[in-house]
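One letter stands for each residue in the lines below.
Protein chains: 2
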Amino acid sequence: MSREWNEEKDPEFIARLADCLGFDKERVHHLFEKDYLARNWGKYEYLLRFDKEISHIERGTVLYEKDSSFEIIMGFPKIRRAMVLDPTIKKHFIGLEKVAVEEKMNGYNVRIATANEEIIAITRSGYICPYTTQKAKEKLNLKFFEDFPEFVLYGEIVGPDNPYVSKDIYNVESVEFYIFDIREKNSGKPLSISKKQEILEKYGFFQVRFFGEIPLETAPKEIEKIIRELGEKEYEGVVIKDPEMILSQLKYTSSQSNCSDLRHAFKFYNETGRDYMLSRIVREGFQTVEWKEKDAEFKKRCMQLGESILDPLRESIRSVKDGQRIYEEARIRVRDLKTVADFEDYLKRLGVDAVFEEPQAVGEEYLVKIRKLNKSTSDKTQAIWQGELW
Amino acid sequence: MSREWNEEKDPEFIARLADCLGFDKERVHHLFEKDYLARNWGKYEYLLRFDKEISHIERGTVLYEKDSSFEIIMGFPKIRRAMVLDPTIKKHFIGLEKVAVEEKMNGYNVRIATANEEIIAITRSGYICPYTTQKAKEKLNLKFFEDFPEFVLYGEIVGPDNPYVSKDIYNVESVEFYIFDIREKNSGKPLSISKKQEILEKYGFFQVRFFGEIPLETAPKEIEKIIRELGEKEYEGVVIKDPEMILSQLKYTSSQSNCSDLRHAFKFYNETGRDYMLSRIVREGFQTVEWKEKDAEFKKRCMQLGESILDPLRESIRSVKDGQRIYEEARIRVRDLKTVADFEDYLKRLGVDAVFEEPQAVGEEYLVKIRKLNKSTSDKTQAIWQGELW
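Line by line, the protein sequences give chains A and B. Under my numbering, read the first sequence as residues -11 to 378, first letter to last. Under my numbering, read the second sequence as residues -11 to 378, first letter to last.
Only chain A is shown next, with the shape it has when bound in the complex (with noise of 0.2 Å):
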């Protein structure tokens, strides 16, 4: 990618952002160097994202400047996963009398805010996706943003016209934002519970699923229970909160979404990481040992492991001994034209490999399909079937 800026050029830039940074110069320097500091292109230049976790900075958080000092938003911050309930519920929040938990969604994570006033759709990686830009004009009350331009949403996106994480499950025609914190820009402090559900009610957003207030004591059965529940329906997981969200929150998961997800890497085995794969394997062990599963509940476990593993292998295999590429297929959604062509020049900034179908319209708007393609699997499940060794 072409540099059009040259920070190093400037080196009164360099100090005014390593004193926002608490950094000293050479840093600075290094960080854009290396590349851990980067700008977005186009249009939305002036953004600047972190491309790795740089002391308490997250990975993915984005700054710009703003009357000759920066403004911050900060990244997602890592929710760490519960392997069993019990006793990790209470130990992580020990001290509190009831947690807060939420649905955690299967979609893809993005910031929506403002800065330079406008509305931008940032990814958790912290680039600026024109198609959630676009779809969050359209869909969100920006009211908020104008009463509240300290504030940052940051939500999930769900539906099956998402370009990331397609999925079918949840009711949603299109796409829709759920949104699960509001937090301020700079500091990344995140609002309480209670005052984040008034403000997304009062401006109409939806949220994320909220199961109430558990207490503490009771908190891993009552959990387990909603995850059986959410499991049935092939929902995620949830998301255990401190109330007032000053401890960090915790993650806990469905079988249903361990195997899902595995379907998803073995379908494409050459491209997904072996620690991806094997750690969704694991939580499978510690969920039948921690929920004491008989033989029936067991030998049903391991079926849907098995499947979940075997049946996305074959089926790429079979279609690459048949002549075809593995692909991934998505679909996104437009009014206008110009989002298509802007969310493909996007990708192709990013390296991915992907063929764009003809628009096909619908109603007011057009459907876009989008085939991602794995070389990767593709080429080595080829080479196999033209004889080549392991």
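Just so you know, these hints were derived from the structure itself, not from any lab. Check the hints yourself; a few may be wrong.
Stated by the list, open to error - Here are a few chain B residues that face chain A, going by a calculated C-beta distance under 10 Å:
1. GLU278
2. ALA284
3. LYS287
4. THR369
Claimed, not checked - With a cut-off of at most 16 Å between alpha-carbon atoms, the simulated EDC-like pairs for lysine to aspartate or glutamate come out as follows:
5. B:LYS309 <-> A:GLU281
6. B:LYS282 <-> A:ASP299
7. A:LYS360 <-> A:GLU259
8. A:LYS309 <-> B:ASP74
9. A:LYS239 <-> B:GLU376
10. A:LYS282 <-> B:ASP299
11. A:LYS79 <-> B:GLU376
12. A:LYS287 <-> B:ASP299
13. A:LYS22 <-> A:GLU41
14. B:LYS127 <-> B:GLU161
15. A:LYS357 <-> A:GLU332
16. A:LYS173 <-> A:GLU134
17. A:LYS280 <-> A:ASP367
18. A:LYS309 <-> B:GLU278
19. B:LYS86 <-> B:GLU278
20. B:LYS309 <-> A:ASP74
21. B:LYS79 <-> A:GLU376
22. A:LYS288 <-> B:ASP299
23. B:LYS280 <-> A:GLU303
24. B:LYS280 <-> A:ASP310
25. A:LYS309 <-> B:GLU281
26. B:LYS287 <-> A:GLU303
27. B:LYS282 <-> A:GLU303
28. B:LYS309 <-> A:GLU278
29. B:LYS127 <-> B:ASP324
30. A:LYS287 <-> B:GLU303
31. B:LYS280 <-> A:ASP299
32. A:LYS280 <-> B:ASP310
33. A:LYS282 <-> B:GLU303
34. B:LYS239 <-> A:GLU376
35. B:LYS78 <-> B:GLU161
36. A:LYS40 <-> A:GLU21
37. B:LYS78 <-> A:GLU376
38. B:LYS287 <-> A:ASP299
39. B:LYS288 <-> A:ASP299
40. A:LYS54 <-> A:GLU138
C-beta atoms are modelled at their ideal positions from N, C-alpha and C, and glycine is treated no differently.
We have chain A already, so just place chain B on it with the hints.
Frame of chain A; chain B shown alone:
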């Protein structure tokens, strides 16, 4: 480990060694510095071993001084894997009329030879195992080594009294040596299959099972049948060879062997390599597609895969929950308790955390149970049960 020998101080030795290997002296120095070339210890200190593949020299290759030069015992050649039988075999052995098919047994690899007029059993990594060496002296016809001091036996040790890969599947009461190759010292050149068989027979050695020479054209189909039969007995698979031993060999394994590997891997889920796990899973995918399995067979394979993963995982997670540590059990059988002491010392040198139980007299011999502790999986699992996050 303290170095008793100091090669750096003996430039004349380095010069001769460099000359023998065809390397320059600097490179030999470097190999010693990096411990890529290292010594065995105690009475076997005179035996150098390659701890890494260097140029054309396999890892595990051993060499020692003889008549002011060196004699080399080449390591086990890597045998590459056919992921699918057709077209891989036809392509790899192109130009041959027939291929020789031998059973690949599931034990541990060892080379037996004389060095300095002493019988030694060398592991895959180039260590001299005192237990295996003692067993070789007891069980093999040593006349062979007098008649052919220039030859090395390459074999598999199987049976329950084997401290590395303990299997009860071969109808071997204690341990047995099954020979699969005879190779020349220095060059590593193997005898042809027929010559090898003739000599092994003459000296009364056990040989790995020979399935005959099979026309190249029908080999994939024939080998599929052999693999199915072997699999039913939980046997591992086959090695496919050029009868003249000029072209390199190929291997192919049964589903049962893949699953057996997975059972072992997931029992010690935190120490097993992720690639080891994945490769065995992917083999199942290719086999089910190549063998065009119908629904019932496929479901069975899914169930077997799921159980091979989840069953050992559950067992390990459960036993740690119940306050136990995870270990691997093995046993050895000896005539002389000195062999136990030597073997215990040997494992300690290799950094294996093993607990030896009291020897039990059985006839003229002693059985000793060994528990090899898996600290990493035990610790990780225990931490999770105490509420640690992933």
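Hints, verified against the model:
A distance limit of 10 Å between C-beta atoms decides the matter here; for GLU278 of chain B the minimum to chain A is near 9 Å, and the interface restraint holds. Taking 10 Å as the C-beta cut-off, the interface hint given for ALA284 of chain B is violated, the closest approach to chain A being about 13 Å. At its closest, the beta carbon of LYS287 of chain B sits 8 Å from a beta carbon of chain A; the interface hint therefore holds under the 10 Å criterion. Hint status for THR369 of chain B relative to chain A: holds, with the closest Cβ pair at about 9 Å, below 10 Å.
For a cut-off of 16 Å, the pair hint linking LYS309 of chain B to GLU281 of chain A stands: about 15 Å separates their Cα positions. Restraint check: the Cα-Cα separation between LYS282 of chain B and ASP299 of chain A comes to about 13 Å, which is no more than 16 Å; the hinted pair holds. Annotation: proposed proximity of LYS360 of chain A to GLU259 of chain A holds, straight-line Cα distance about 13 Å (limit 16 Å). Restraint check for LYS309 of chain A and ASP74 of chain B: the C-alpha separation of about 12 Å stays at or below 16 Å, so the hint holds.
Restraint check: the Cα-Cα separation between LYS239 of chain A and GLU376 of chain B comes to about 13 Å, which is no more than 16 Å; the hinted pair holds. A distance of roughly 13 Å separates the Cα atoms of LYS282 of chain A and ASP299 of chain B; the hinted pair therefore holds under the 16 Å criterion. Under the criterion of a C-alpha separation no larger than 16 Å, the hint pairing LYS79 of chain A with GLU376 of chain B is consistent with the structure, at around 9 Å. The straight-line distance between the Cα atoms of LYS287 of chain A and ASP299 of chain B is roughly 10 Å, inside the 16 Å bound, and the hint therefore holds.
Taking the CA atoms of LYS22 of chain A and GLU41 of chain A, the gap is about 13 Å. The hint holds against a cut of 16 Å. Taking the CA atoms of LYS127 of chain B and GLU161 of chain B, the gap is about 13 Å. The hint holds against a cut of 16 Å. For the hint linking LYS357 of chain A to GLU332 of chain A, the alpha-carbon distance of about 12 Å falls within 16 Å, and the restraint holds. At roughly 14 Å between alpha-carbon atoms, LYS173 of chain A and GLU134 of chain A fall within 16 Å of each other, so this suggested pair holds.
Distance hint between LYS280 of chain A and ASP367 of chain A is unfulfilled; the C-alpha atoms sit about 43 Å from each other, more than 16 Å. For the hint linking LYS309 of chain A to GLU278 of chain B, the alpha-carbon distance of about 9 Å falls within 16 Å, and the restraint holds. Between LYS86 of chain B and GLU278 of chain B, the direct Cα distance comes to roughly 22 Å. Violation of the 16 Å bound is thereby established for this hinted pair. Taking the CA atoms of LYS309 of chain B and ASP74 of chain A, the gap is about 12 Å. The hint holds against a cut of 16 Å.
Only pairs whose Cα atoms come within 16 Å are accepted, and LYS79 of chain B paired with GLU376 of chain A is accepted, the gap being roughly 9 Å. As the CA atoms of LYS288 of chain A and ASP299 of chain B are separated by approximately 12 Å, the hinted pair is consistent with the 16 Å bound. This hinted pair checks out: LYS280 of chain B and GLU303 of chain A have alpha carbons roughly 12 Å apart, not beyond 16 Å. For the given pair, LYS280 of chain B sits about 13 Å from ASP310 of chain A by alpha-carbon distance, which is consistent with the 16 Å threshold.
Restraint check: the Cα-Cα separation between LYS309 of chain A and GLU281 of chain B comes to about 15 Å, which is no more than 16 Å; the hinted pair holds. Proposed proximity of LYS287 of chain B and GLU303 of chain A is supported: the alpha carbons are some 14 Å apart, at most 16 Å. Annotation: proposed proximity of LYS282 of chain B to GLU303 of chain A holds, straight-line Cα distance about 14 Å (limit 16 Å). Restraint check: the Cα-Cα separation between LYS309 of chain B and GLU278 of chain A comes to about 9 Å, which is no more than 16 Å; the hinted pair holds.
A hinted pair counts as satisfied when its Cα atoms are at most 16 Å apart, and LYS127 of chain B with ASP324 of chain B qualifies at roughly 15 Å. The hinted pair formed by LYS287 of chain A and GLU303 of chain B meets the criterion: a straight-line CA distance of about 14 Å does not exceed 16 Å. This hinted pair checks out: LYS280 of chain B and ASP299 of chain A have alpha carbons roughly 13 Å apart, not beyond 16 Å. Between LYS280 of chain A and ASP310 of chain B, the direct Cα distance comes to roughly 13 Å. Compliance with the 16 Å bound is thereby established for this hinted pair.
With a C-alpha separation of about 14 Å, the suggested pairing of LYS282 of chain A with GLU303 of chain B holds against the 16 Å cut-off. Straight-line distance between C-alpha atoms of LYS239 of chain B and GLU376 of chain A comes to about 13 Å, which keeps the hinted pair within the 16 Å bound. This hinted pair does not check out: LYS78 of chain B and GLU161 of chain B have alpha carbons roughly 39 Å apart, beyond 16 Å. As the CA atoms of LYS40 of chain A and GLU21 of chain A are separated by approximately 13 Å, the hinted pair is consistent with the 16 Å bound.
Distance restraint check for LYS78 of chain B and GLU376 of chain A: the Cα-Cα separation of roughly 11 Å lies within the 16 Å cut-off, and the hinted pair is therefore satisfied. Distance restraint check for LYS287 of chain B and ASP299 of chain A: the Cα-Cα separation of roughly 10 Å lies within the 16 Å cut-off, and the hinted pair is therefore satisfied. Restraint check: the Cα-Cα separation between LYS288 of chain B and ASP299 of chain A comes to about 12 Å, which is no more than 16 Å; the hinted pair holds. As the CA atoms of LYS54 of chain A and GLU138 of chain A are separated by approximately 13 Å, the hinted pair is consistent with the 16 Å bound.
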